[in-house]
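**Q** Just so you know, the sequences run in chain order A and B.
Numbers given in the working numbering equal positions in the first sequence, counted from 1, plus 1.
Numbers given in the working numbering equal positions in the second sequence, counted from 1, plus 1.
Treat the hints with care, as some may be off.
Remember, identical chains collapse to one label, so a pair may be satisfied in a single copy or spanning two.
[As the list claims (entries may be wrong)] With a straight-line cut-off of 25 Å between C-alpha atoms, the simulated BS3-like cross-links for lysine-lysine are:
(1) Lys-291 x Lys-96
(2) Lys-17 x Lys-354
(3) Lys-368 x Lys-398
(4) Lys-344 x Lys-291
(5) Lys-467 x Lys-291
What the hints contain is simulated information worked out from the structure, not anything from laboratory work.
Number of protein chains: 2
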Amino acid sequence: MSDSKRDSIDLLFNPKSVAIIGASTNPIKGGNRILKNLIEHKFRGNIYPINPKGGDAYGIKFQKSVLDVEEDIDVGIVFVPNRIIPAVIQECIQKGIKGLIIEAAGFEEVGDMGLELRDKIAEITDNFEKIKIVGPNCTGLTRVDPNGNGFYSAFIVQNPVKSGNIAVISQSGMVNGGYLIHLCTTFPQMGFRYVASIGNKMDLNEIDFLEYYINDNGVNVIALYLESFQEPRKFIELCRKVEKLSNKSIILLRGGLTNQGQNASTSHTGAIAENIRLSQALINQSKVIKVDDFFNLFQVSRTHSMMYDSKIKFPRSGNVAFVTVSGGAGTVTADLIHNYGLKLPELSQECYKRLEEIFPTWMPPNKFSLVDLWPAIENAKVDSDGIHRIALDALLKDENIEGLMISIFFTEDFPFSIDIIEEFHQKYRKPIFCWLFGENECISEVSHRLTKNKIPSFYSLDAMVKNFSSIVRKEL
Amino acid sequence: MSDSKRDSIDLLFNPKSVAIIGASTNPIKGGNRILKNLIEHKFRGNIYPINPKGGDAYGIKFQKSVLDVEEDIDVGIVFVPNRIIPAVIQECIQKGIKGLIIEAAGFEEVGDMGLELRDKIAEITDNFEKIKIVGPNCTGLTRVDPNGNGFYSAFIVQNPVKSGNIAVISQSGMVNGGYLIHLCTTFPQMGFRYVASIGNKMDLNEIDFLEYYINDNGVNVIALYLESFQEPRKFIELCRKVEKLSNKSIILLRGGLTNQGQNASTSHTGAIAENIRLSQALINQSKVIKVDDFFNLFQVSRTHSMMYDSKIKFPRSGNVAFVTVSGGAGTVTADLIHNYGLKLPELSQECYKRLEEIFPTWMPPNKFSLVDLWPAIENAKVDSDGIHRIALDALLKDENIEGLMISIFFTEDFPFSIDIIEEFHQKYRKPIFCWLFGENECISEVSHRLTKNKIPSFYSLDAMVKNFSSIVRKEL
């Protein structure tokens, strides 16, 4: 990555001063909400709202033009009709602004008129040499600092975003807007470092942000939503590099991999139709973790985020154990484990011996690492917790088993001792993923508690196994 | 279906009198919980707890043997160690009991000893002529009446089950136990007519219950969890018959479709390894709706249940529309729609014209039924609700469009008028499926309200499209 590009993105995420070009005094307008968001997300630099009509909001006086601002301005957030954007850019260059976040729409995605606009901007900016541009047709950038300060530049009202190790690059503005609200209120423990809504990527693209994130130690999980690949070779190269880094994962949702999706994408980000097979081959070569919708993109990201937070090593072979009290859950999970490329290995002699002791003689345990504890519990001289303690200890001690999945049934009458899970998670430092079922209120609480302890939990076996398969990293 | 088999199952679901053989005075034992469950689920017949030691519980005196009961007994629920079961069965036959629900384990699934036991029982019962058997290794039967009465015979503590149009056949006891608790507390509107946990299906099998459900007008949705097919030809025949019935759907989760899954299944229900390819071919021929885990089994069942409750016709061609405010959601949904075999057809001239009127001239709508309303809302002379009203009306009026999917973004600051969805759902009688995102509390409420109005909603695009694809019924 060139130093100048890195410096540009650095400045765009960490400006000391920002102009909001197209600021509004009307609280229901986007140009007002950008201002409000910067204030409420504790942006610590200077803010200069710009509107030719003047006015003021939140105690800040609007200027008529960036040229009226006496102090230096690092970055401009542009929220004006697309036709006047060339003029705005010219003023910004004149003012010495180094980076622009253009949130207005109406460029490549609207055909010839938009393409003309793009050419004009390329000319004005000397092919983006004079000023760096994020967007257009985006919802801006988000930075969340561990100390609680931040930079949130989207035009939608957003609640506080928690600081964490996830960084996002998205060609859907929703991801830095409505869906971010969804994530922050649904998964209150989920934390972000950056979100970049890159829109039509007229200048800065996914490669630039990807390189920036790879070089940032605060970033562990990189979640991508893309509708086109700007520099395929470079993309593969960067992804393959990350594959060998023990502190980074890349998860990709690629929209437009069908003819229908491509047609949709053209009217969204103006992405030019790509050969679908080539795109698929590219994704396979990149070896990133692929997902198929936004929910999965962030569920898998959350899982990886918890893995890095827990500082537990990622498994490499995919040898797992599944512990359950339901034979049916065992059978279905065994199928899923096979289908997602994981393995249920043979138990070590020691492990098998310890399990055999707790099982009734008429129903010995499996020789492989699928353990239905029901017969053991039914015949138990100790309680269910005691049986679980023995089984989990035996399995996690088995050197051939890299991680454990477990079904947890929890109701008021049948509580499950979560302590055991937490204790062994700490003791053996192997990933433990849980499938929760039982009384809704009880399992919500359990899920919350497990999340705090960096133990991922799920309400579907499919999600549990899929997420576990995503953490197997053969190249580490 | 033979009349005698139908009568047997009828009696097993609707006994006038029940013996609990292996009743216990100890509230933490399964033999006590069966008794408690019968009482609490308002079983209106006579209950005779049986235990050689005598005792009493919940005001009911235990008898030492079924032979000590003076009145007739229709059905026995057996919860005793497997070794004494032959003796128990002999007594039950002597008493004139017509059906047994054997919840004890330790038969086919435990190898030779279990097989011997099975042979002995076949001999005693004259190959199940003298008495009909559900199980062994099951959690019994559930019947839920619209008037609130019912029959719940499992040995786990269960909350009330709501009456509805879903009927279940399961080779996993969990489905009539822990997972039923999960469903009833997580989806309080979800209603059941029957749940049959058939275990090792020593006598009565999935075919018998399937035929019984097909002949019951109160049943619309048949959810199956199977680990083996007892009578493959008959299974295909019944499923193909249901395919042409407008009041029934069959959804199948088949465990043991991989070598690993088969190994697991053998230790669970004693299912003998089947040729996996043959099983898969059989499933394809049956044309049932296939799912891959318990969560999906019941999510799809719930969707179908709501469809029947709403009395809206199932779509036949798979021509759908998707309305969104997010271009990214549009692109991803277009891909999913393709991958799940649905179609986004060309809009009728009238429909296109009406959409064109609300879109800005620089960004006209698509010619096909994927409508990203964001540009229309941004440029609106009316509000977002007004724009949605026009678009939904135009699309639902289009004769070529059989149903609609829509993304609903909802926060306190940006409410969405759910009235519009409800109004058009009623007016056009076409299925409307919703993807919800936004502030967690808001969308939980929206989901609850939509469910009451029989409008399915989802938190993932993948789930929304998958569920919609499941309701397309080409044979109707």
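**Q** Hints first: check each against the structure and report whether it holds.
**A** Now the hints, each set against the structure:
no.: 1; hint: Lys-291 x Lys-96; in the structure: neither (43 Å within a copy, 62 Å between copies)
no.: 2; hint: Lys-17 x Lys-354; in the structure: neither (65 Å within a copy, 48 Å between copies)
no.: 3; hint: Lys-368 x Lys-398; in the structure: within (16 Å within a copy, 61 Å between copies)
no.: 4; hint: Lys-344 x Lys-291; in the structure: both (20 Å within a copy, 24 Å between copies)
no.: 5; hint: Lys-467 x Lys-291; in the structure: both (11 Å within a copy, 18 Å between copies)
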